[in-house]
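The chain contents come next:
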Amino acid sequence: MYFLYELERVITLHPSFFGPRVKEYLTNRLLEDVEGTCTGQYYIICVMDAYDISEGRVVPGSAVAEYTVHYRAVVWRPFKGETVDAIVSSVNRMGVFADVGPLPVFVSNHLIPGDIKWDPNATPPQYTDNGDQVIEKGTHLRIKLIGTRSDVGSMFAIGSIKEDFLGTL
Amino acid sequence: MAQATSPTSRTREKITGDEEAAAELKLGEFQNVPTLTLSEARLLINAVMDHRKQQRKVEETETLIKTQDYLDVFARFKVKENIEAVERMLTSHTEMELFERSQLGSLCCESAEEAKTLIPSLTNKISDLDLQDLLDEITKLRNFTE
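Respectively, the protein sequence lines represent chains W and R. Take the first sequence: its letter number 108 is residue 108 in full-length UniProt numbering, and every next letter is one higher. Take the second sequence: its letter number 3 is residue 3 in full-length UniProt numbering, and every next letter is one higher.
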């Protein structure tokens, strides 16, 4: 789910940057540091604006100044149980790999309805129910997220299409 | 004799890890954060990036490119007026949570049954009839101009 989230970040500034363009430098640093990253819980897609940059405080003992920047960003957080649309990136005997934007999702063949079977002989290999439901690279799939796992800087999810109203779109 | 002493231990951090969007919405730190439908997110991100491109050279991160491509495919409403119209329709339904409203605007279900299956927390918050009316309005808007 996309959220408009208010976050804050502490940025330290070397004294060589003290001058008239501090705010601009801080905003650039913020974008470089934070945009496009994944905290392990959510992805920060796009920083909208830094609406409150605090007064700089010089850190005792060193010459750098510390600023607390409050900003708003478009953030994407996947939830367990959330229904999302995805694009299939690859299929194999064990299941289907799909992407929901930046998040990779794996749908195991156990969570694919029984009538959609793995067909290795087709070109390209695909999951099909020999009717109108075919799952191959590029298929649009409606998935329910079953669980998420986080690593430092990245996330991974598993999903299911076994319930009503899920599956190929 | 009871005296207030300075704290000798730090406050325990909030327990995370049980957030889910099942029959009950437990969103953790995101419980009251404004949500965006896919169409709104696409509009917003494109507007911010266009504005930024005018001012400086922009380096697009991989996450941003993947998100923009994803949104171009799945955002149902591309025209600003329609997005605002859908937003008005959804905002008037205060019996639903922000998360549920945005899910409705993103998934574009056709029937109330489909919507309640895909968004389980909705089951008891709105009647099938009211929900079907809302979905029909959204579908009408989608078919009319897109």
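Just to be clear, a hint being listed does not mean it is correct.
[Stated by the list, open to error] Covered stretches of chain R (chain W as the covering partner; in silico rule of three or more C-beta atoms under 8 Å from a C-beta of chain W):
#, stretch
1, 41-52
2, 74-86
3, 94-103
4, 116-130
5, 136-144
FYI, nobody ran anything at the bench for these hints, they're computed from the structure. Model, not experiment: these values are computed from the prediction. Note that the Cβ used here is the ideal one computed from N, Cα and C, for glycine as well.
So, going through the hints one by one against the coordinates:
no., hint, in the structure
1, 41-52, "holds (count 5)"
2, 74-86, "violated (count 1)"
3, 94-103, "holds (count 3)"
4, 116-130, "holds (count 4)"
5, 136-144, "violated (count 0)"
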